[in-house]
Amino acid sequence: MQKVVGINLNGRAYHVEEPGYDALVAYLDRAGTRLSDSPDRAEVLADLEQAIAEKCDRLLGPHKTVVAGGEIDRILAEMGPVDAGDGETAAGAADADAKTAARDGAGPAKRLYQIREGAMISGVCAGFAAYLNVDVTIVRIVFVLLAILTKGAALFFYGVLMFVIPYAQTSEERAAASGRPFTAQELIEQAKRNYADFRTNPKWKRHWRRQQIEWQRRFRNATAPHGWNAGASYASQIWVSATAPFFGLINAALALALVFALYSLTTTRAVFGVPLPADVPLWAGFVIVFGLYQLIATPFITAHRAAANPGTPGIFVWVSPVTNIVWLAAIGYSMWYGYHHVPAVHDAIDTVIATLRHTAAEMQER
Amino acid sequence: MGANEKFAAIRKGLLEFAILKIVSSDKVYVADMLQRLADTDFATQEGTLYPLLSRMRREGLLDYEWRESDAGPPRKYYRLTAAGRAQLGELNDYWKYVNTTLNQLGR
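If you read the protein sequences in the order shown, they are chains C and E.
All residue numbers for the first sequence refer to my numbering, where the first residue is 4 and numbers rise by one.
All residue numbers for the second sequence refer to my numbering, where the first residue is 17 and numbers rise by one.
Wrong hints could be hidden among the right ones.
No farther apart than 20 Å at their CA atoms in a straight line, the calculated lysine to any residue pairs in the SDA-like style are these [to be verified]: (1) C/Lys58 with E/Gln61; (2) C/Lys58 with E/Arg101; (3) E/Lys28 with C/Arg61; (4) C/Lys58 with E/Lys28; (5) E/Lys92 with C/Glu46; (6) E/Lys92 with C/Tyr170; (7) E/Lys43 with C/Pro84; (8) C/Lys58 with E/Ala59; (9) E/Lys28 with C/Leu62; (10) C/Lys58 with C/Ser41; (11) E/Lys92 with C/Pro346; (12) E/Lys92 with C/Pro65; (13) C/Lys58 with E/Pro90; (14) E/Lys37 with E/Glu84; (15) C/Lys58 with E/Thr116; (16) E/Lys92 with C/Pro42; (17) C/Lys58 with E/Ala34; (18) C/Lys58 with E/Arg73; (19) E/Lys28 with C/Pro84; (20) E/Lys28 with C/Glu52; (21) E/Lys92 with C/Ala332; (22) C/Lys58 with E/Lys37; (23) E/Lys92 with C/Val348; (24) C/Lys58 with E/Arg83; (25) E/Lys37 with E/Lys22; (26) C/Lys58 with E/Val114; (27) E/Lys112 with E/Val46; (28) E/Lys92 with C/Met165; (29) E/Lys37 with E/Pro90; (30) C/Lys58 with E/Leu50.
If you're looking for bench data, these hints aren't it; they were derived computationally from the structure.
A quick note: this is a predicted structure, and the numbers were derived from the prediction, not measured.
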């Protein structure tokens, strides 16, 4: 079974299997790129769409309403690669990028790209850093300052750039990221193209999915500790190696406490001796416990991750432990305050200590 | 480089000539052009033909009109303009001249 996509070919609707749709989009994209210099671009693309539509018509009938993926492949093979003419063979026109690069003449090719490698969100800052030949941290700091000064307008701008600036996907493009100038004309073209992508829903969805996969990949990289940050300064490396085990221990203790709390909540409807009020359902109790855990544990987890994550720029390694110490002090103070002024908290803490003693004693007996 | 590859450039250069000839006989539709060319050495595909036709129209050699079709949307039917006819005449003459030259060189 194949998913079917509805498409508009020069004003008429067709149903095409998804792989066929992808092939069509790729074909027309390539055609558009090769014809990018031609004044007849729009007309030829419309002609091509109509020719494809007619070939589809020939395959469809009262009992066949969907064009299969394989049929699209055959149609596209029949159409043949789009030859922009101008004395070039189709193969010669294959790489429009190479052509424009040659046309732009000698000298270092430089143009603005988004760069995935080492990106925090989408790679806009990394792209600017490569383009301006400065460290990405500087670009990020400038960007954050701009975001604060403009009360967030810069964030919106970043969102726009995410669509406008192309990704450096090939090695040539990555090389060009610190090379060829990015003209205003190309910028507008790119924006138009990306906006068209945005409007043809499935493609935009795919872009979004790719973005998500990328974020997930980066999240996994960030959460898996693998070696120290080679780029960080010597002092921050020392700070990191001193604090990482400490935060790791706290994280482990908090996770244990969470498991214990959930266990006692299910068995006794109480956490560390504090009973769940009768009118609160059990699931809400779970939510509350999880919420409290998140509240307390998140800074520690971030700190540990920052300490173990080689991708984090040096400054963040410094910042998060500082915020953590503040956080730790705040929790410590509120616990001290609660212990002395709120009887329920006093009891709860006493119970926790008693439970821990009890557990320790039990473990010793074994 | 094989003979066939060498001649590819010649065929490519002559494709425009071939199209002018086909269009000179009648108002034609792209599918008909492809059909006529299919059995010849000039067999080509939509991907090549449409950009070429658009360019020739821009140069004023061809023109087209929309005609209703029984199946589906209206189609473009191409015909020669006066300039196209003039160029076809020139090409015919030039082709004869080239042929003669080549024949003479062989002697």
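Hints and how they fare:
As the CA atoms of C/Lys58 and E/Gln61 are separated by approximately 13 Å, the hinted pair is consistent with the 20 Å bound. Of the pairs offered as hints, the one joining C/Lys58 and E/Arg101 is violated, with about 31 Å between alpha carbons and a cut-off of 20 Å exceeded. With a C-alpha separation of about 29 Å, the suggested pairing of E/Lys28 with C/Arg61 is violated against the 20 Å cut-off. Of the supplied pair hints, the one linking C/Lys58 and E/Lys28 is violated, its CA atoms being roughly 25 Å apart against a limit of 20 Å.
The suggested pairing of E/Lys92 with C/Glu46 holds, with an alpha-carbon distance near 12 Å, which does not exceed 20 Å. For the hint pairing E/Lys92 with C/Tyr170, the CA-to-CA distance comes to about 39 Å; that exceeds 20 Å, so the pair is violated. The suggested pairing of E/Lys43 with C/Pro84 is violated, with an alpha-carbon distance near 26 Å, which exceeds 20 Å. For the suggested pair C/Lys58 and E/Ala59, the alpha carbons sit about 18 Å apart, so the restraint of at most 20 Å is met.
Taking the CA atoms of E/Lys28 and C/Leu62, the gap is about 31 Å. The hint is violated against a cut of 20 Å. With a C-alpha separation of about 25 Å, the suggested pair C/Lys58 and C/Ser41 falls outside the 20 Å cut-off, and the hint is violated. Of the pairs offered as hints, the one joining E/Lys92 and C/Pro346 is violated, with about 89 Å between alpha carbons and a cut-off of 20 Å exceeded. Only pairs whose Cα atoms come within 20 Å are accepted, and E/Lys92 paired with C/Pro65 is rejected, the gap being roughly 27 Å.
At most 20 Å may separate the alpha-carbon atoms for a hinted pair to count; C/Lys58 and E/Pro90 meet this at roughly 15 Å. Our distance criterion of 20 Å between C-alpha atoms is broken by E/Lys37 and E/Glu84, whose separation comes to about 24 Å. Distance check on the hinted pair: C/Lys58 and E/Thr116 sit about 43 Å apart at the alpha-carbon level, beyond 20 Å; violated. For the given pair, E/Lys92 sits about 19 Å from C/Pro42 by alpha-carbon distance, which is consistent with the 20 Å threshold.
For the hint pairing C/Lys58 with E/Ala34, the CA-to-CA distance comes to about 24 Å; that exceeds 20 Å, so the pair is violated. Between C/Lys58 and E/Arg73, the direct Cα distance comes to roughly 24 Å. Violation of the 20 Å bound is thereby established for this hinted pair. Restraint check for E/Lys28 and C/Pro84: the C-alpha separation of about 15 Å stays at or below 20 Å, so the hint holds. For the hint pairing E/Lys28 with C/Glu52, the CA-to-CA distance comes to about 24 Å; that exceeds 20 Å, so the pair is violated.
Straight-line distance between C-alpha atoms of E/Lys92 and C/Ala332 comes to about 79 Å, which puts the hinted pair past the 20 Å bound. Restraint check for C/Lys58 and E/Lys37: not satisfied, since their Cα atoms lie roughly 26 Å apart, outside the 20 Å limit. Between the alpha carbons of E/Lys92 and C/Val348 the distance comes to roughly 84 Å, so the proposed pair goes past 20 Å and is violated. Of the supplied pair hints, the one linking C/Lys58 and E/Arg83 holds, its CA atoms being roughly 18 Å apart against a limit of 20 Å.
Proposed proximity of E/Lys37 and E/Lys22 is contradicted: the alpha carbons are some 24 Å apart, above 20 Å. A hinted pair counts as satisfied when its Cα atoms are at most 20 Å apart, and C/Lys58 with E/Val114 does not qualify at roughly 40 Å. This hinted pair does not check out: E/Lys112 and E/Val46 have alpha carbons roughly 28 Å apart, beyond 20 Å. Our distance criterion of 20 Å between C-alpha atoms is broken by E/Lys92 and C/Met165, whose separation comes to about 41 Å.
A distance of roughly 24 Å separates the Cα atoms of E/Lys37 and E/Pro90; the hinted pair therefore is violated under the 20 Å criterion. The hinted pair formed by C/Lys58 and E/Leu50 meets the criterion: a straight-line CA distance of about 13 Å does not exceed 20 Å.
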